[in-house]
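K.L.:
These are the residues of each chain, in order.
There are 2 protein chains.
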Amino acid sequence: MLQDTTSAAGGLEIGGILFPGIDQADFTGPFEVLSRLPNSQFHILARHLTPVRDGKGLVLIPEERFSDAPQMDLLLVPGGSGVNAVMQDAETLEFLRRQAVIARYVLSVCTGALVLGAAGLLKGHRATTHWASFHLLEYFGAIPTNARVVIDRKIVSTAGVTAGYDGALRVAALLRGELVAQEIQLFLEYSPEPPFNSGTPETAPPEVLRSTRDGLAPLLAERLKIIKHITTHKI
Amino acid sequence: MLQDTTSAAGGLEIGGILFPGIDQADFTGPFEVLSRLPNSQFHILARHLTPVRDGKGLVLIPEERFSDAPQMDLLLVPGGSGVNAVMQDAETLEFLRRQAVIARYVLSVCTGALVLGAAGLLKGHRATTHWASFHLLEYFGAIPTNARVVIDRKIVSTAGVTAGYDGALRVAALLRGELVAQEIQLFLEYSPEPPFNSGTPETAPPEVLRSTRDGLAPLLAERLKIIKHITTHKI
Numbered sequence: 001m002l003q004d005t006t007s008a009a010g011g012l013e014i015g016g017i018l019f020p021g022i023d024q025a026d027f028t029g030p031f032e033v034l035s036r037l038p039n040s041q042f043h044i045l046a047r048h049l050t051p052v053r054d055g056k057g058l059v060l061i062p063e064e065r066f067s068d069a070p071q072m073d074l075l076l077v078p079g080g081s082g083v084n085a086v087m088q089d090a091e092t093l094e095f096l097r098r099q100a101v102i103a104r105y106v107l108s109v110c111t112g113a114l115v116l117g118a119a120g121l122l123k124g125h126r127a128t129t130h131w132a133s134f135h136l137l138e139y140f141g142a143i144p145t146n147a148r149v150v151i152d153r154k155i156v157s158t159a160g161v162t163a164g165y166d167g168a169l170r171v172a173a174l175l176r177g178e179l180v181a182q183e184i185q186l187f188l189e190y191s192p193e194p195p196f197n198s199g200t201p202e203t204a205p206p207e208v209l210r211s212t213r214d215g216l217a218p219l220l221a222e223r224l225k226i227i228k229h230i231t232t233h234k235i
Numbered sequence: 236m237l238q239d240t241t242s243a244a245g246g247l248e249i250g251g252i253l254f255p256g257i258d259q260a261d262f263t264g265p266f267e268v269l270s271r272l273p274n275s276q277f278h279i280l281a282r283h284l285t286p287v288r289d290g291k292g293l294v295l296i297p298e299e300r301f302s303d304a305p306q307m308d309l310l311l312v313p314g315g316s317g318v319n320a321v322m323q324d325a326e327t328l329e330f331l332r333r334q335a336v337i338a339r340y341v342l343s344v345c346t347g348a349l350v351l352g353a354a355g356l357l358k359g360h361r362a363t364t365h366w367a368s369f370h371l372l373e374y375f376g377a378i379p380t381n382a383r384v385v386i387d388r389k390i391v392s393t394a395g396v397t398a399g400y401d402g403a404l405r406v407a408a409l410l411r412g413e414l415v416a417q418e419i420q421l422f423l424e425y426s427p428e429p430p431f432n433s434g435t436p437e438t439a440p441p442e443v444l445r446s447t448r449d450g451l452a453p454l455l456a457e458r459l460k461i462i463k464h465i466t467t468h469k470i
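Chains R and C, in that order, give the protein sequences. The numbering of the first sequence is our numbering, which starts it at 1 and goes up by one. The numbering of the second sequence is our numbering, which starts it at 236 and goes up by one.
Read the hints as simulated data drawn from the structure, not as lab findings. Everything numeric in this text was worked out from a predicted model, so none of it was measured. Ideal placement from N, C-alpha and C gives every residue a C-beta, glycine not left out. Certain hints may be false.
[To be verified] Here are some, though not all, of the chain C residues that point toward chain R, as calculated from beta-carbon distances under 8 Å:
(1) G246
(2) L247
(3) T263
(4) G264
(5) R271
(6) I337
(7) A338
(8) F422
(9) E424
(10) S426
(11) A439
(12) S446
(13) I461
(14) I465
(15) T467
(16) H468
[Unchecked claim] Subject to a maximum C-alpha distance of 30 Å in a straight line, what follows is the list of computed DSBU-like cross-link-like pairs (lysine-lysine):
(17) K56/R to K389/C
(18) K389/C to K154/R
(19) K123/R to K228/R
(20) K56/R to K460/C
(21) K123/R to K225/R
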């Protein structure tokens, strides 16, 4: 992995967005990594400054409105059930488009990739997302790529939820070098020992895959309908 | 791993505590797992309802005071630089002692173990904590045990920060069975691919270990002083 040495000189502006129905771990995992980058500032961004409730009830507080945010070097876009609404929110999509022109990296975690897609940022880019939404990438003109972290030019996308750690460490290394990323990994004692081999649809027991898919079916049906609508009508 | 079948009938009360200077990932990782347990309620607890700022600036909102909390079946105790103060906070320690009598499990993540130690809950128990604080466990009469997750009777302790995922999934399986834990693991796509082999002091490059240790030295010197004081004077 090569360090992007053009960055070493200046301070980094890093922004992460919050929205209602976010999956908090898509944000908090990468925050844990990226907020430790030397010579950088992490901006916790949202449309409004109203506290934001995650899909399971954890409340996070945004600190800066999109409209007040400076240009970011790195923008973190998490996912969660709330992306169904965010994909249709013109203000958020416009903010992402504007930031992405100059940002050095845009990091989507989990279904945050669908928000990038809705903003038109995945066209012709290899990308990944949560396994259950993987089939939706193609609607945005992305090149669906089944990997835990996919880096294509400035778009870095990761698989579901916990893949945010792997993506954030990769980006940390790109921005500040491998030694810095390794220090962060050591501090976070990131030497995982998952107790089961159930972390992907390929390795999970069939009954586990079936029940998990069944649980997600209504959300995904709604999501497909929304994506078909917005990709046809170009909001 | 055996399921604790006595639990299958009733709803689970799960509580996690917040405090200033928490390392938010110690809380948010296990929250991500445990808030998905069926037939359960997750209580976000703190001394006061004042928003709590984590060591890197993320603000989380407690929803219930210690004094209003019902008896928990599972109590999550995160760590962070703020444990230096929490180890000396009589109200928090008393809350933990009282809850631990009846709770089926107490799960410490990272230096949350030191808070359990200060509450007297580690005496004669095998336990682990963040690698940089591992040498401090013995002051509390614990049996320091170098593993990612240590389960000794009702005390479940994990290594640093990201080990909370492994510990929470183990507890999820104990409380609700392996199929449920595997479903959660699949939903979270927890099939980690750390980009470097730097997640433990044994595997990190020597210069990475040295600089990370140096960065933590002042906090640890203060911590040792506090622990010597409280274990001598029995607060």
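K.L.:
Against this structure, judge whether each hint is valid.
P.N.:
Verification of the supplied hints:
1. G246: Where the cut-off is 8 Å and the nearest Cβ of chain R is about 16 Å from G246/C, the hint is violated.
2. L247: Violated: closest Cβ of chain R sits about 14 Å from L247/C, beyond 8 Å.
3. T263: Since chain R brings a Cβ to about 4 Å from T263/C, closer than 8 Å, the hint holds.
4. G264: holds, 7 Å
5. R271: holds, 7 Å
6. I337: Because about 24 Å separates I337/C from the closest Cβ in chain R, which is outside the 8 Å limit, the hint is violated.
7. A338: violated, 21 Å
8. F422: Holds. Min distance 6 Å.
9. E424: holds, 3 Å
10. S426: holds, 3 Å
11. A439: holds, 5 Å
12. S446: holds, 6 Å
13. I461: Violated - the Cβ of I461/C stays beyond 8 Å from chain R, reaching only about 21 Å at its closest.
14. I465: violated, 25 Å
15. T467: violated, 29 Å
16. H468: With Cβ-Cβ at 31 Å, over 8 Å, it is violated.
17. K56/R to K389/C: Status holds; Cα separation ~26 Å.
18. K389/C to K154/R: violated, 47 Å
19. K123/R to K228/R: holds, 16 Å
20. K56/R to K460/C: violated, 39 Å
21. K123/R to K225/R: holds, 20 Å
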